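As given, the protein sequences belong to chains A and B, one line each in that order.
Following full-length UniProt numbering, the numbering of the first sequence begins with 1 at its first residue and continues without gaps.
Following full-length UniProt numbering, the numbering of the second sequence begins with 1 at its first residue and continues without gaps.
Any given hint might turn out to be false.
[Unchecked claim] Heads up, incomplete: computed chain B residues facing chain A, CB under 10 Å, no partners named:
| # | residue |
| --- | --- |
| 1 | Glu22 |
| 2 | Leu28 |
| 3 | Trp30 |
| 4 | Val38 |
| 5 | Phe44 |
| 6 | Glu57 |
| 7 | Val70 |
To be clear, the hints were calculated from the coordinates, so they are not data collected in a lab.
Quantities reported herein were computed from a predicted structural model and do not represent experimental measurements.
All residues carry an ideal CB built from backbone N, CA and C; glycine is no exception.
Chain by chain, the residues:
Number of protein chains: 2
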Amino acid sequence: MRARVHVFLKPGVLDVQGKAVENALHGLGWGGVSDVRVGKTLEFDLAGVEPAAAEAEVRKMCETLLANTVIEGYRIELS
Amino acid sequence: MRARVHVFLKPGVLDVQGKAVENALHGLGWGGVSDVRVGKTLEFDLAGVEPAAAEAEVRKMCETLLANTVIEGYRIELS
Numbered sequence: 001m002r003a004r005v006h007v008f009l010k011p012g013v014l015d016v017q018g019k020a021v022e023n024a025l026h027g028l029g030w031g032g033v034s035d036v037r038v039g040k041t042l043e044f045d046l047a048g049v050e051p052a053a054a055e056a057e058v059r060k061m062c063e064t065l066l067a068n069t070v071i072e073g074y075r076i077e078l079s
Numbered sequence: 001m002r003a004r005v006h007v008f009l010k011p012g013v014l015d016v017q018g019k020a021v022e023n024a025l026h027g028l029g030w031g032g033v034s035d036v037r038v039g040k041t042l043e044f045d046l047a048g049v050e051p052a053a054a055e056a057e058v059r060k061m062c063e064t065l066l067a068n069t070v071i072e073g074y075r076i077e078l079s
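Bound conformation, chain A alone (with noise of 0.2 Å):
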């Protein structure tokens, strides 16, 4: 099983990267770019957990280590 995690920065939460992204686009003459986040996609394989267990084992996985959950959410897919 194929499993996509997207981990985004809460709203409301600055996200220095995508100001940096959003400037440097404005730069080169793109200035109708607004509101630019920028986030982390994580893929991966997950063999040895029953399809119907999958998507709490991610979420313990996001909850431990792969998300802040202070200042970030995440988005599961599994394919």
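We have chain A; now place chain B onto it with these hints.
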């Protein structure tokens, strides 16, 4: 218009960040995890661009700034 750009290391390029996450997950007891790849996701609003031209415009942003096309590939989603 909201654009979402996924930037990933090309297959075959060693993903050291992914390797570190994989080792950490193994150490936490998730031995079934393998082939971890870590990528970036950029989301932004795009104004002043015709919907028909938006994808070409975002592609230009990727080639210029958002992705290092020597080692990274990208995927664009518009909504």
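Quick rundown of the hints versus the structure:
1. Glu22: holds, 7 Å
2. Leu28: With a closest approach of 6 Å, the Leu28/B hint holds.
3. Trp30: holds, 6 Å
4. Val38: OK, holds: Val38/B within 10 Å of chain A, min 5 Å.
5. Phe44: holds, 4 Å
6. Glu57: holds, 7 Å
7. Val70: violated, 19 Å
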